[in-house]
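Q: Chains E and F are the protein sequences, given in the same order.
Quick note: the first sequence uses the numbering used here, first residue 1, plus one each step.
Quick note: the second sequence uses the numbering used here, first residue 1, plus one each step.
Calculated directly from the structure, the hints in this document are not laboratory data.
These figures come from a predicted structure and were not determined experimentally.
C-beta atoms are modelled at their ideal positions from N, C-alpha and C, and glycine is treated no differently.
Accuracy of the hints is not assured; some may be wrong.
Selected chain F positions facing chain E (in silico; Cβ < 10 Å) [to be verified]:
| no. | residue |
| --- | --- |
| 1 | Leu8 |
| 2 | Gly42 |
| 3 | Phe88 |
| 4 | Ala90 |
| 5 | Ala92 |
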Amino acid sequence: DVKVTQSSRYLVKRTGEKVFLECVQDMDHENMFWYRQDPGLGLRLIYFSYDVKMKEKGDIPEGYSVSREKKERFSLILESASTNQTSMYLCASSSEDRLSSYEQYFGPGTRLTVT
Amino acid sequence: GEDVEQSLFLSVREGDSSVINCTYTDSSSTYLYWYKQEPGAGLQLLTYIFSNMDMKQDQRLTVLLNKKDKHLSLRIADTQTGDSAIYFCAPASGGSYIPTFGRGTSLIVHP
Numbered sequence: 001d002v003k004v005t006q007s008s009r010y011l012v013k014r015t016g017e018k019v020f021l022e023c024v025q026d027m028d029h030e031n032m033f034w035y036r037q038d039p040g041l042g043l044r045l046i047y048f049s050y051d052v053k054m055k056e057k058g059d060i061p062e063g064y065s066v067s068r069e070k071k072e073r074f075s076l077i078l079e080s081a082s083t084n085q086t087s088m089y090l091c092a093s094s095s096e097d098r099l100s101s102y103e104q105y106f107g108p109g110t111r112l113t114v115t
Numbered sequence: 001g002e003d004v005e006q007s008l009f010l011s012v013r014e015g016d017s018s019v020i021n022c023t024y025t026d027s028s029s030t031y032l033y034w035y036k037q038e039p040g041a042g043l044q045l046l047t048y049i050f051s052n053m054d055m056k057q058d059q060r061l062t063v064l065l066n067k068k069d070k071h072l073s074l075r076i077a078d079t080q081t082g083d084s085a086i087y088f089c090a091p092a093s094g095g096s097y098i099p100t101f102g103r104g105t106s107l108i109v110h111p
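Looking at chain E on its own, in the form it has when it is part of the complex (with noise of 0.2 Å):
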């Protein structure tokens, strides 16, 4: 069964913080994504890497960065947390091979509030 697992369950940060999330799969996935949900705009992506060291913007990657420095591990970083990246962010995985129909796996993500 894949696993892809969250950090932190709820983070509670003040504006100005460094905060940084973290997310670890277990299906030795060539692919992962980092997304942002808030109520009424659906998932938007925020950074994904197709591979240790490499990383690609998404649709939303101002403020956010993120690293790979390990296939299982990618990490999402808010160099200075504001109140409007308060949000609920969730981490997914995918393989490249075309049997898996490009699946993607999420975890349970992680409720940041930016107070």
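Start from chain E and add chain F according to the hints.
A: Showing chain F alone in chain E's frame:
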């Protein structure tokens, strides 16, 4: 980029059929996914259809694809209270296979 539209809410009675509709803009979409999100959880793939198919049936689920109109629908037969969740339409273009998610339809099933 791809634009995906779906209604935000659908309310049905237990035992009825539910139909969730979706329109998208990118005609090069090759995989068209439906993901389900239960309360407090991440998303899970429910089903998907290839762009060269018109219909796919999987137990209580039927997916219909109209490529000409760029319209995708998900029908759930005999809807149960356990089907209450948010359903996301997510087409993926050839090449990257990264889906673009709609805003999600909250399905509410009344007993």
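Q: Indicate, hint by hint, whether the structure satisfies it.
A: Each hint, compared with the structure:
Checking leucine 8 of chain F against chain E by beta carbon gives a least distance of about 7 Å; that is within 10 Å, so the hint holds. Given the 10 Å rule on beta carbons, the hint for glycine 42 of chain F holds: about 3 Å separates it from the nearest Cβ of chain E. Residue-level restraint check for phenylalanine 88 of chain F holds (minimum Cβ-Cβ distance to chain E is 7 Å; threshold 10 Å). A cut of 10 Å between beta carbons decides the hint on alanine 90 of chain F: the least distance to chain E is about 8 Å, and the hint holds.
Taking 10 Å as the C-beta cut-off, the interface hint given for alanine 92 of chain F holds, the closest approach to chain E being about 7 Å.
In terms of the numbered hints stated before, the structure departs from none.
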